[in-house]
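**Student:** Read off the chains here:
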Amino acid sequence: MSLVETAEQAKQDAAYKEALVEVLYQLADDDFIISYRGSEWLGLAPHIEEDVAFSSITQNTMGHAMLFYQLLEELGEGDADALAHERISNERRNGTYFEIKNGSGTYLEEPQYDWALAVVRNYLYEAFKKVKLEEALKSSYAPLRNTADKVLMEQPYHLGHWKTWITQLQDSSQEAKERIQSRLDEAWKQIGDAFELGPKADDILAKEILSSSETLKQRWLDSVKETLTYVPNGDLASELGNGRAKEHTDQLDQALATLSEVYNSDREAVW
Amino acid sequence: MYNYIEHGKGATAVSTHQEDPEKYAEFMERIEAGEKIEADDWMPDEYRQTLIKLISMHGISEIMGALPEKEWVPKAPSLKRKLGIMAKVQDEMGHGQLLLRVAEDLMAPYGKDREDIMQDLLRGDLKFHNVFHMATKSWADAGLIGWLVDGAAIITQTNMLDASYGPYQRALQRICAEEVFHAQHGEAIIMALAEGTEEQKAMLQDALNRWWPALLMFFGPPTAETTGSSKQEATIKYRIRKSTNEGLRQAYLDKYLPRIFSLGLTVPDETIHYDEEKKKWIYQQPDWNEFKQIISNNGPRSQARLRLRKIAHENSAWVREALATPVVTA
Ligand SMILES: [Fe+2]
Ligand SMILES: [Fe+2]
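Protein chains in written order, with the working numbering: chain A, 6 to 276; chain B, 169 to 498.
Excised from the complex, chain A in its bound form (with noise of 0.2 Å):
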């Protein structure tokens, strides 16, 4: 496959943009409902310093949301913040252990959250996003490239962040310990249509715009194994549905009700 150099370029063969525009919400989609999460932390992590570090992390986030949907825009899909913020959620295409809520009540109102599965979410995503952008350098489509490579400069400073949490965390008291441990536990049970690649995988893994699902979650397994000091028995499951199929929890309806709450209520104002 030769190198799809523009967004005019690639409308012009149907079946190409039909499967780039799936690689594209995925990456879209899985960093707007990460940062949405991560935006509801803000103020109530561990200490001062953390809350800075994570919500420089979640803006970067949703500033990469940002370079994605403004891809899907230049195909035609759309205007970016109309795919942000219109569709509904069995139109997004999220892995769905990045949408499951940060714990009981709401940001607003008795927000129990639990730092071990901000920790271990987190990490484990940053992770995979690593691995999915490195692969993304080696795409058919010249502006997912030059996207990938922009948001991989950003990118390890938050994979650090996590890791370095992770690494502190995992071995440190008892309680902590098993607290990051049923975390992964529950992550291994959830994570795995995240390394799926959705109903256009065919096209995608034919046209070169990603490698397959196999060798996204081999290079995860292995990057995540070198850090990890527990790792989970058996193979990861899909337990909430298959994101990439546009199978959600009602845990994304809540959170597309709050995100779009204001743009919703009235969506040709300018605001």
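Hints should not be assumed to be uniformly reliable.
Here are some of the chain A residues that sit facing chain B, going by a computed Cβ distance under 7 Å [to be verified]:
no. : residue
1   : G48
2   : L49
3   : A89
4   : A181
Everything labelled a hint here was simulated from the structure, so no lab data went into it. Since this is a predicted model, take the numbers as computed values, not measurements. In this text, a Cβ means the ideal position worked out from N, Cα and C, and glycines have one as well.
Got chain A sorted already, so can you dock chain B with the ligands onto it with the hints?
**Tutor:** For chain B with the ligands alone, kept in the frame of chain A given last:
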């Protein structure tokens, strides 16, 4: 930002110049000559305590101040606005961090640290600024905070840019530079609403009506008599700030009322006008008893916001404990 409000425990040391009259005279000479005092320098106890209260209140207000805006961070109505408000609130947490470090250094001789500040806050002994006790009801409130609350902060903070205490003065330099961006961020939101639909305009006017008394209160009572206590004298005597509460409020009205009116907005005070002879704004005083209630954590959202901090503190007890445990490497 945030000027001085009387602390819950009124434990200020008295007549500290008597502890060492010579050193005290030397100290006063230094600050009157415009020299900066550093953390390890000799300073009268009254000065140290005034700074601790001022700076820990300022720092904790930055942190509590992140909460009302945070309510609108996930809801910001476009990707650009989401990024803008995230950056802004992150800055505020950063200001809190910077200031608490300055306060911690000053508290060290008393054997106190960050945990004491947090405990004081949760117990209600450490006040946070009146504006952050208020509810945010719409997206317009998020814009208004950036525009008019940060605008007020700029006025009080630039008034202390030459503060006699070096570490605070340097922190303020950095904070003020960022506050300017915050005010611009707020103004951009406000402009979009002011030029928007009828509903957006109404939302903006409603926000201003609700926030107006709190904005006037921001600068503190005009005189000590108003609320029975005001330590503005100590901060002026020690060259920490220059102007009085009322002086700052007048500067604020000078700067913002013309802008408010030019956007077609009104303030909920029919008597407000500029007195050419007295060269000052005549306005209806806010209810200073209510002010006292608000800063005593009896404001509309005081307890709810303290509750958030309390939950966060409790839920991360295991994290603090784990961090204090040495890592056992496999
Ligand atoms: Fe600030
Ligand atoms: Fe600010």
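**Student:** Each of the hints needs a verdict: does it hold here or not?
**Tutor:** Going through the hints against the structure:
no.	hint	result
1	G48	5 Å, holds
2	L49	4 Å, holds
3	A89	6 Å, holds
4	A181	4 Å, holds
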